[in-house]
Amino acid sequence: MSIAIVITAALEAEGFEVVRCDSIVERDRLLAERRFSALVTDVMLTDGDGIATIDRVRAADPGLPIIILSAQNTLDTAVRATDTGAFEYFPKPFDIDELARTVRQAVGSNTVKAELEGEGAPASLPLVGRSAPMQAVFRMITRVLRNDLTVLVLGESGTGKELVAEAIHQLGQRRNGPFVAVNTAAIPGELIESELFGHEKGAFTGAVARHVGKFEQANGGTLFLDEIGDMPMQAQTRLLRALQSGSVRRVGGRDEIKVDVRIVAATNRDLQPMIAAGTFREDLYYRLNVVPITLPPLRERADDIPALARHFLAMAAQEGLPRRQLSEDASALLSRQPWRGNVRELRNFIYRLALLSREDVIDAASLGPVLAEVPRGEAANTDDLDASVRAWLGINSPSPGTVYDAALAAFERPLFEAVLRQTQGNQLRAAQVLGINRNTLRKRLSELGIAPGELAR
Numbered sequence: 020m021s022i023a024i025v026i027t028a029a030l031e032a033e034g035f036e037v038v039r040c041d042s043i044v045e046r047d048r049l050l051a052e053r054r055f056s057a058l059v060t061d062v063m064l065t066d067g068d069g070i071a072t073i074d075r076v077r078a079a080d081p082g083l084p085i086i087i088l089s090a091q092n093t094l095d096t097a098v099r100a101t102d103t104g105a106f107e108y109f110p111k112p113f114d115i116d117e118l119a120r121t122v123r124q125a126v127g128s129n130t131v132k133a134e135l136e137g138e139g140a141p142a143s144l145p146l147v148g149r150s151a152p153m154q155a156v157f158r159m160i161t162r163v164l165r166n167d168l169t170v171l172v173l174g175e176s177g178t179g180k181e182l183v184a185e186a187i188h189q190l191g192q193r194r195n196g197p198f199v200a201v202n203t204a205a206i207p208g209e210l211i212e213s214e215l216f217g218h219e220k221g222a223f224t225g226a227v228a229r230h231v232g233k234f235e236q237a238n239g240g241t242l243f244l245d246e247i248g249d250m251p252m253q254a255q256t257r258l259l260r261a262l263q264s265g266s267v268r269r270v271g272g273r274d275e276i277k278v279d280v281r282i283v284a285a286t287n288r289d290l291q292p293m294i295a296a297g298t299f300r301e302d303l304y305y306r307l308n309v310v311p312i313t314l315p316p317l318r319e320r321a322d323d324i325p326a327l328a329r330h331f332l333a334m335a336a337q338e339g340l341p342r343r344q345l346s347e348d349a350s351a352l353l354s355r356q357p358w359r360g361n362v363r364e365l366r367n368f369i370y371r372l373a374l375l376s377r378e379d380v381i382d383a384a385s386l387g388p389v390l391a392e393v394p395r396g397e398a399a400n401t402d403d404l405d406a407s408v409r410a411w412l413g414i415n416s417p418s419p420g421t422v423y424d425a426a427l428a429a430f431e432r433p434l435f436e437a438v439l440r441q442t443q444g445n446q447l448r449a450a451q452v453l454g455i456n457r458n459t460l461r462k463r464l465s466e467l468g469i470a471p472g473e474l475a476r
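The working numbering applies: residue 20 is where the sequence shown begins, and numbers increase by one.
Quick caveat, the hints were computed from the structure, so don't treat them as lab data.
Quick caveat: nothing in here was measured; it's all calculated off a predicted structure.
One should not assume that every hint holds.
Using 20 Å as the maximum straight-line C-alpha spacing, the simulated SDA-like pairs for lysine to any residue come out as follows [stated by the list, open to error]:
no., residue 1, residue 2
1, 462, 446
2, 111, 29
3, 111, 21
4, 111, 23
5, 462, 251
6, 277, 236
7, 111, 86
8, 111, 27
9, 111, 25
10, 277, 265
11, 462, 424
12, 111, 64
13, 277, 168
Start from the sequences and build out the full structure, keeping to the hints where you can.
Written as structure tokens, this is what we have:
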């Protein structure tokens, strides 16, 4: 108990209001009665094992940052503490000043997580979720807000990777600077260097004026590089050089231009096989993968679907669509759907639901027909090409002016893979079937990271 008194005095000296107890029973009673910003707990309490009962803390307050102290300085204790999702673990003896700093970080992270979950967050950041996977994401976001470390956001299409990038920007120390997003998959390979680094007048045919690239546009702020796995190898080399030097050179230019940008990159692809195949630079991967944040697919956090649906219904109403609500059975039905397009597909469906439904409160009986009639992600797995295209448009919602290139990029991979399977991986025959030059096919396969030999199996 003496250590608890010392910790209490140290934290109160830092300006915190501290409530002290020494038992699991008292801890649970306090958590039921009021909200706290952080919990500091010993492993051994007077009536039991503090770690073994962390699940009760999570049930009372899923997002509460927990700092665990222990005199049992064993690997097993450290692993158990980590498995609970603890914010930090301190083996005894520890530095009391370091503990106070960690508590301040934990309290700050809890405030940011509340913002991320919608309590005062910018309307453009619907990062909603109290599930354990999303809490892990929120913890990672809070740890990069006070620094400029490069972040690599990983996850399936539609999980909200750009929202994570926007959150890091809008809640971080660069919030007053520009946020510039570029989808590298939607830019033709021959133009991507010009888009990123700019070009001088006359640098190539059609360069009738100087163009300022995305790096310069993002100076003082954040540059979000989406679908980084689709970047051509030559552009990867230029990007690596820019990251290493902190400067860019416009296409056709001679001067090095210093830029101050934070890089957040994202991909829905597994970059490790691409590195092995020689289609993604290993040194660039390590330069980007300083802080990885992996977004879970919606199927792994189905408990968040009702809250997400309510959030999107509220957004739809703010944008002029009829104000709707979901009954409990309708929310349960939504939670059982596969949502292969993840949060993006759910959002688009909820908007359609708000428009098509006639009832102010939508129940499962009225939701069912809408689920059956409106094209969704599952349609993309059927043989009906028209339905697949309509489903792709509904799920992906490309920005105006990019639909054609984005659709071609999305269709090219499955087309090449299907033809290569049909030809048993024979590239010459595949090129003949496709009606394109073999060298063109080989170049695109390399850029897309497709290994023909694996498709022949």
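Status of the hints after comparison with the structure:
no. : hint       : in the structure
1   : 462 to 446 : holds (11 Å)
2   : 111 to 29  : holds (16 Å)
3   : 111 to 21  : holds (14 Å)
4   : 111 to 23  : holds (13 Å)
5   : 462 to 251 : holds (10 Å)
6   : 277 to 236 : holds (12 Å)
7   : 111 to 86  : holds (13 Å)
8   : 111 to 27  : holds (16 Å)
9   : 111 to 25  : holds (14 Å)
10  : 277 to 265 : holds (6 Å)
11  : 462 to 424 : holds (18 Å)
12  : 111 to 64  : holds (15 Å)
13  : 277 to 168 : holds (18 Å)
In summary, this structure violates none of the numbered hints.
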